[in-house]
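S.K.: Below, each chain spelled out in residue letters.
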Amino acid sequence: MTTKTLTRPQADVTEKKIQKLRELYADAPELGRVALENLIDSMKGGIISEQGTSSAGRVGARRGKVSELTIVFPVAKGGAKRLRAVLDAGINVDAPDRVGSVHDMRYVFLDNDTRILFATTYDGEWDPYVDDFATHIADELDVVFCNCEGWPGVRSPAVKDYIAKYQLTANSWYVARPDLTVRDVRRLEKIGAAAEEFLDKIQ
Amino acid sequence: MLSITESVGETLSTRSLALETSDIQATVLRPRPKPYCGEYVVLRIGDAEQGREMLRRILPHVAPADEWWVPSLPGWLGIAFTFEGLKALGVPQTSLDSFPIEFRQGMAARAAILHDLGANAPANWEYPFGTPDVHVALSIYAQNNQNLQQVLDLARKSHHDLGQISVVYRMQFGELPEGRNPFGFKDGLHNPHVEGSGPAESGKEESIKPGEFVMGYPDERGETADAPIPAELRNNGTFVAIRKFHMDVAAFRRYLRAQASSREEEELIAAKMVGRWRSGAPLVLAPDRDDPALGTDGNRNNDFSYADDMKGLKCPFSAHIRRVNPRDALKNDIVAVNLHHFLRRGTNYGPPLPEGVLEDDGVERGGVFLLIGVYLHRQFEFIQSQWVTDGNFIGHGTEQDPLIGNNDGEGVFTIPRAPVRRRLQGLPRFVSVRGGEYCFMPGLRALRWIAALNS
Chain A
726 MTTKTLTRPQ
736 ADVTEKKIQK
746 LRELYADAPE
756 LGRVALENLI
766 DSMKGGIISE
776 QGTSSAGRVG
786 ARRGKVSELT
796 IVFPVAKGGA
806 KRLRAVLDAG
816 INVDAPDRVG
826 SVHDMRYVFL
836 DNDTRILFAT
846 TYDGEWDPYV
856 DDFATHIADE
866 LDVVFCNCEG
876 WPGVRSPAVK
886 DYIAKYQLTA
896 NSWYVARPDL
906 TVRDVRRLEK
916 IGAAAEEFLD
926 KIQ
Chain B
27 MLSITESVGE
37 TLSTRSLALE
47 TSDIQATVLR
57 PRPKPYCGEY
67 VVLRIGDAEQ
77 GREMLRRILP
87 HVAPADEWWV
97 PSLPGWLGIA
107 FTFEGLKALG
117 VPQTSLDSFP
127 IEFRQGMAAR
137 AAILHDLGAN
147 APANWEYPFG
157 TPDVHVALSI
167 YAQNNQNLQQ
177 VLDLARKSHH
187 DLGQISVVYR
197 MQFGELPEGR
207 NPFGFKDGLH
217 NPHVEGSGPA
227 ESGKEESIKP
237 GEFVMGYPDE
247 RGETADAPIP
257 AELRNNGTFV
267 AIRKFHMDVA
277 AFRRYLRAQA
287 SSREEEELIA
297 AKMVGRWRSG
307 APLVLAPDRD
317 DPALGTDGNR
327 NNDFSYADDM
337 KGLKCPFSAH
347 IRRVNPRDAL
357 KNDIVAVNLH
367 HFLRRGTNYG
377 PPLPEGVLED
387 DGVERGGVFL
397 LIGVYLHRQF
407 EFIQSQWVTD
417 GNFIGHGTEQ
427 DPLIGNNDGE
437 GVFTIPRAPV
447 RRRLQGLPRF
457 VSVRGGEYCF
467 MPGLRALRWI
477 AALNS
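Heads up: the sequence lines are chains A and B, in that order.
Just so you know, we're using our numbering here: the first sequence kicks off at 726 and counts up by one.
Just so you know, we're using our numbering here: the second sequence kicks off at 27 and counts up by one.
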């Protein structure tokens, strides 16, 4: 990592964060306190920063071209069984691929199947494309999310507010390549394969 | 003709609803006259009752869409209001609150979404654009200057003795020789066809549901807009995104000169940027050289699709017309292109830069566009943010529209070719935003509804 000179206010902020951490870790387990001190020693130069995170629409964080969407929906009565079955059957498994901007996606049941975590990393914003999704993949979305309490349907004008209501912004989130979209990656894969083929031929 | 009340029982049937053209403003549905001249006038209302008095006087002169070919006026008058303007007229709070968020905020506040950054930022716009002083926008089209002055006189009389109505902006516009835009391209060639508005131009494109462009009719999602309220204000109205552009014609010519080794190559690069040759002939139909007969033939110059150009070898993915109207080019993607159209009424201002001149003469020239549609967020804002100022949707990273993108000297433009694509570097900003506003353009009955409000 390159060392950069911090301006006075930045250095102050870093110093304050370190001080707060030490206070909070005063009653942490011994191994935690030691770990913190070891890390603070290697932090000279002030790495405790926002690291380029911005907001993705109303809720959610964004880094470069990539955004995160984390939602905890309440599961409707009887919805958990249906959800497990529909996710297991994989009947909407190619939808994210067709959308072309989804990096990953996961569903996790919480609290005895009464709530479900839906988390995804995607490019740009989803808000401008909601109407396109409603046109092209309404069934793929509704067949899953109808099992969430109060889901209005992706065609409903209320769907944006419904999602925002249950969306949480990630407290911490790491993206390896924030400037690469899924489409960029696909393009680079093709270019890489062509370059390898070219090198194979001329060697 | 079927009126709305007569046809309520039929809205669920499959037959399309006839458009109530006598209540829709001509500007929404009709192409401007050719040749044309005209003026945009912006008014500020300092007093609601005086504003409504102005409206009552001007109302009889606002052109409806059913009289466009035999106008009872020497020219067309169109009228639209910003959110601030509706407030200034005393439109009730419940109505104001029911307008979509983007309209309530106004175009300047949406700068980050629209990529109106750097030189295009609202801070650099001409007064009064982006300020709360823009209330009423009048657009007047006429076939000659004498007619224009007659309509301007009517407009003047609507407020000349009302001390609280002030003219904050005026600009004249007019046709350039041969119906070209300042860059030298044939102008105003394409608009989506609104179902029920009259005969379609021939071409491969399907008609678009009228509810995309006029409120009170089913749209492409099978819905009918339910805001703003009440229906008396909403029906037969629409939204207009006004954009005033400056066009740096000298920079465009210099760039072409620097990239090309012959005049023919300059013309090819220019056509690749636009997607059409200067005559209007589309690259898909005339990939190698201009075909002026095709360009001027209204039956053929829009009769094309991208089905046999899916590699962009004829018309680049990044070409202006392929970006703003992708037709069938994105058919393999999850994007519903029919949700992302607007009607475009373009006018030019300023004199042409004389042929062959490569240095800017400092004269203001460019175009003013009225981009019309019921859903600003998924029409104008979507096209501007996703298609004009980004390249991800075509796998081109952050590449922007070569002509109207917000390029800053570091723009790139990809031209697919076999075996190796060509990529132009260092694109400057050929088109700069001088200002813009979101306006509501009500139907004629709705204008009377506003005019009859009490404070």
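Hints were generated in silico from the structure; no laboratory data involved.
Where is the CB? At the ideal position from N, CA and C, for every residue including glycine.
Any given hint might turn out to be false.
[Claimed, not checked] Listed below are the simulated DMTMM-like cross-link pairs for lysine to aspartate or glutamate, each with C-alpha atoms no more than 25 Å apart in a straight line:
1) K357/B x D766/A
2) K885/A x E204/B
3) K357/B x E914/A
4) K337/B x E201/B
5) K337/B x E865/A
6) K885/A x E231/B
7) K885/A x E232/B
8) K885/A x D334/B
9) K885/A x E249/B
10) K915/A x E407/B
11) K357/B x D737/A
12) K212/B x D359/B
13) K60/B x E204/B
14) K340/B x D822/A
15) K890/A x D334/B
16) K357/B x E865/A
17) K337/B x E914/A
18) K357/B x D838/A
19) K915/A x D123/B
[To be verified] Residues from chain B that face chain A, not an exhaustive set, calculated with beta carbons under 8 Å:
20) N150
21) G210
22) R247
23) A333
24) D359
25) V361
26) L365
27) R404
28) V414
29) G421
S.K.: Starting from K885/A, check that the Cα of E204/B is at most 25 Å away, please.
M.R.: violated (48 Å)
S.K.: Does the nearest C-beta of chain A fall within a distance shorter than 8 Å of the C-beta of R247/B?
M.R.: At 7 Å from the nearest chain A Cβ, R247/B passes the 8 Å test, so the hint holds.
S.K.: Between K60/B and E204/B, does the CA-CA distance stay at or below 25 Å?
M.R.: Status holds; Cα separation ~10 Å.
S.K.: With 8 Å as the cut and Cβ atoms as the points, is G421/B at the interface with chain A?
M.R.: holds (5 Å)
S.K.: For the restraint on A333/B, tell me whether the closest CB of chain A is nearer than 8 Å.
M.R.: violated (19 Å)
S.K.: Hold the hint about V414/B up to the distance rule: shortest CB distance to chain A must be less than 8 Å.
M.R.: violated (13 Å)
S.K.: Would you check the hint for K890/A and D334/B, treating anything up to 25 Å between C-alpha atoms as holding?
M.R.: Violated - the C-alpha atoms of D334/B and K890/A are around 45 Å apart, more than 25 Å.
S.K.: Just to be careful, I want the Cα atoms of K885/A and E249/B compared with a cutoff of 25 Å; is the pair within it?
M.R.: holds (17 Å)
S.K.: Between K357/B and D766/A, does the CA-CA distance stay at or below 25 Å?
M.R.: violated (55 Å)
S.K.: Hint check: is the beta carbon of G210/B less than 8 Å from a beta carbon of chain A?
M.R.: violated (33 Å)
S.K.: Tell me if the straight-line CA distance from K357/B to E865/A falls inside 25 Å.
M.R.: holds (19 Å)
S.K.: Does N150/B pass the interface check with chain A, least Cβ-Cβ distance below 8 Å?
M.R.: violated (23 Å)
Hint violations for this structure: numbers 1, 2, 4, 5, 6, 7, 8, 10, 11, 12, 14, 15, 18, 19, 20, 21, 23 and 28, all remaining hints satisfied.
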